[in-house]
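Engineer: If you want the building blocks of each chain, they are given just below.
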Amino acid sequence: MSVLVYTENWDGKFKKLSFELISYANEIAKKLNSTVVALSIGNVAEDELKLLGNYGATKVLSVVHDKIKGLDNQVFTSIIAQAVEKEKSTVVVFAHNNTGKAIAPRLSVRLKAGLVAGVTAVPASFKPFTVVKKVFTSKALSTVVVNTPVQIVTLLQNTYGIIETATPVVVEAFHPQIQDAEFTTDIKEVSKVTGKILLTDAEIVVSGGRGMKGPENWGVIEELASLLGAATACSRPVSDEGWRPHDEHTGQTGKVIAPNLYIAAGISGAIQHLGGVSGSKCIVAINKDPDAPIFEAADYGIVGDVLKVLPEMIAAVKELKNS
Amino acid sequence: MKICICISNVPDTTTKIKFVNNNTAFDNAGVQWIINPWDELALTRALDLKDANAGAIEKITVVNVGLADADPTIRKALAIGADNAIRINAEPKDAYFIATQLAEVIKKEAFDIILCGIESCDYNGSTVGGMLAEMLAYPSVSSASFLDIQNGQIIVKREIDGGQELLGTKLPFIAIVQKGIAKEPRIPSMRGIMTAKTKPLQVVEAVAGEPFLSYNSFELPKSKAACKKIDPENVKELVNLLHNEAKVI
Numbered sequence: 001m002s003v004l005v006y007t008e009n010w011d012g013k014f015k016k017l018s019f020e021l022i023s024y025a026n027e028i029a030k031k032l033n034s035t036v037v038a039l040s041i042g043n044v045a046e047d048e049l050k051l052l053g054n055y056g057a058t059k060v061l062s063v064v065h066d067k068i069k070g071l072d073n074q075v076f077t078s079i080i081a082q083a084v085e086k087e088k089s090t091v092v093v094f095a096h097n098n099t100g101k102a103i104a105p106r107l108s109v110r111l112k113a114g115l116v117a118g119v120t121a122v123p124a125s126f127k128p129f130t131v132v133k134k135v136f137t138s139k140a141l142s143t144v145v146v147n148t149p150v151q152i153v154t155l156l157q158n159t160y161g162i163i164e165t166a167t168p169v170v171v172e173a174f175h176p177q178i179q180d181a182e183f184t185t186d187i188k189e190v191s192k193v194t195g196k197i198l199l200t201d202a203e204i205v206v207s208g209g210r211g212m213k214g215p216e217n218w219g220v221i222e223e224l225a226s227l228l229g230a231a232t233a234c235s236r237p238v239s240d241e242g243w244r245p246h247d248e249h250t251g252q253t254g255k256v257i258a259p260n261l262y263i264a265a266g267i268s269g270a271i272q273h274l275g276g277v278s279g280s281k282c283i284v285a286i287n288k289d290p291d292a293p294i295f296e297a298a299d300y301g302i303v304g305d306v307l308k309v310l311p312e313m314i315a316a317v318k319e320l321k322n323s
Numbered sequence: 001m002k003i004c005i006c007i008s009n010v011p012d013t014t015t016k017i018k019f020v021n022n023n024t025a026f027d028n029a030g031v032q033w034i035i036n037p038w039d040e041l042a043l044t045r046a047l048d049l050k051d052a053n054a055g056a057i058e059k060i061t062v063v064n065v066g067l068a069d070a071d072p073t074i075r076k077a078l079a080i081g082a083d084n085a086i087r088i089n090a091e092p093k094d095a096y097f098i099a100t101q102l103a104e105v106i107k108k109e110a111f112d113i114i115l116c117g118i119e120s121c122d123y124n125g126s127t128v129g130g131m132l133a134e135m136l137a138y139p140s141v142s143s144a145s146f147l148d149i150q151n152g153q154i155i156v157k158r159e160i161d162g163g164q165e166l167l168g169t170k171l172p173f174i175a176i177v178q179k180g181i182a183k184e185p186r187i188p189s190m191r192g193i194m195t196a197k198t199k200p201l202q203v204v205e206a207v208a209g210e211p212f213l214s215y216n217s218f219e220l221p222k223s224k225a226a227c228k229k230i231d232p233e234n235v236k237e238l239v240n241l242l243h244n245e246a247k248v249i
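Protein sequences, first through last, are from chains A and B. Residue 2 in the numbering used here sits at position 2 of the first sequence, with consecutive numbering throughout. Residue 103 in the numbering used here sits at position 103 of the second sequence, with consecutive numbering throughout.
One or more of the hints may lead you astray.
[What the hints assert, rightly or not] Reference listing, derived: stretches of chain A covered by chain B, where coverage requires no fewer than 3 residues with Cβ under 8 Å from a Cβ of chain B:
#1 134-143
#2 192-202
#3 247-253
Keep in mind the hints are simulated off the structure, nothing from the lab. A quick note: this is a predicted structure, and the numbers were derived from the prediction, not measured. We put the beta carbon where it would ideally sit given N, CA and C, even for glycine.
Make a model of the complete structure from these sequences and hints.
Structural biologist: Rendered as structure tokens:
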């Protein structure tokens with residue numbers, strides 16, 4: 001028996017997210033009297049793979065294959081299914097990110113294993129497997145029962161946390177059977193911004209809405225974000241207007257995020273926006289309308305003009321950093 | 001070329017969510033129903049492609065798994081511009097059940113491109129498209145934010161962390177689309193609304209299928225403590241509170 005975690009790598013490195021997934025799986029494994037096996041696909045150095053042991057993994061299966069150039073949903077599904085069989089896994093854990101969303105549903109069909117996507121906590125019980133997930137775009141929670149012998153979950157990033165548990169870990173090369181015909185997509189071109197903090201990875205997010213009045217005023221959002229080591233985001237009207245790129249849009253139809261601190265500047269907080277950010281641990285709202293719904297979701301609020309408040313906030317953060 | 005768009009009938013995104021029967025069922029009372037926003041973007045992109053590639057795309061079909069109460073939403077998709085619709089007459093129980101039903105119809109119709117929204121704003125499973133692809137053994141591209149046909153070749157881009165990948169794939173394939181695939185959803189024209197009434201909406205019976213999941217109960221999130229208001233003349237205090245009280249900076 002085991003709990004299998006698919007640990008994606010980014011240019012051969014793991015992220016906090018990887019360690020969070022292992023920590024999460026470790027709590028499940030303890031409850032099931034089972035162990036955590038991580039599966040890595042691609043070139044990752046042994047020292048890096050062994051880091052997963054710091055969070056509870058007892059074994060890391062490492063798949064290195066010449067033909068794998070990037071994510072091919074069918075090939076990855078096939079590899080993970082073979083790992084599940086080999087390790088007799090009863091629970092499979094993915095991140096609820098682009099990769100998890102691409103592979104987990106295919107694996108669910110392949111293994112006839114029920115999939116609960118976007119969970120935020122460990123299962124409340126295992127007989128039957130019962131876990132809470134957000135529904136209606138974070139406006140409600142549902143207790144979901146999985147009626148299959150193997151269960152798959154995708155964990156929403158930054159909702160469980162990282163727990164260090166030093167564990168002796170072995171790295172094992174794994175050679176699954178892969179047929180050439182299974183490769184059905186090929187990556188022709190990659191365009192990537194480097195050096196920018198990703199919205200989904202960020203612990204702090206500074207986000208602007210229509211109250212910012214225009215793209216020319218975004219300098220203060222960017223300056224505050226850079227001071228705090230934060231990512232920048234925006235509300236839907238802002239990305240629809242083309243003031244900011246659509247990948248910054250947070251909310252119901254954009255990115256769903258759960259940072260430690262979310263600063264909403266000039267965002268009224270329509271129900272669709274709150275659906276994407278309500279998982280944040282702390283929300284700060286700055287808006288000139290005292291009745292804006294964002295204040296109902298916020299922990300701290302300032303009723304005032306964002307274009308006046310933000311520069312003062314920048315000055316105060318600088319002062320704090322210098323003290 | 002034939003394009004299929006799988007659409008889900010969901011509560012309007014501004015709906016105040018309530019439950020009935022001792023919190024075991026969603027309260028439909030007074031709810032406005034819409035095409036799931038991502039599915040609507042997918043439909044918009046398909047129509048744009050049809051406009052730009054005259055003759056290359058012969059038909060755009062929307063497929064829904066639902067009971068007769070989904071018909072107004074399906075008619076809206078026809079009003080926006082889909083050529084025909086198929087409703088699989090079943091209550092959508094869970095993603096696996098829905099994908100099972102869709103797979104059956106899509107196999108028969110032999111579509112070239114199948115578009116699914118990345119998630120639905122009711123149960124937020126983000127799973128139907130991937131499941132469908134696996135059932136049909138079709139390639140899938142998830143988080144697709146760009147789709148085009150150039151000189152008969154399919155060009156699709158998917159979102160990755162911090163960027164995009166341009167992919168080549170084989171037909172038939174399933175694109176699981178997200179924001180970016182189309183700018184803004186199309187609004188039905190008066191003419192569209194009139195013609196939608198006479199466009200074919202075929203109702204087919206469901207095949208046997210069991211769900212993997214059961215949604216046993218629901219609850220609303222606990223309400224938050226009141227927001228602590230800070231004097232706009234004392235922004236420094238906010239930074240102090242974030243540092244010393246919330247300990248987030």
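Engineer: Hint by hint, note whether the structure agrees.
Structural biologist: So, going through the hints one by one against the coordinates:
{"no.": "1", "hint": "134-143", "result": "holds (count 10)"}
{"no.": "2", "hint": "192-202", "result": "holds (count 7)"}
{"no.": "3", "hint": "247-253", "result": "holds (count 4)"}
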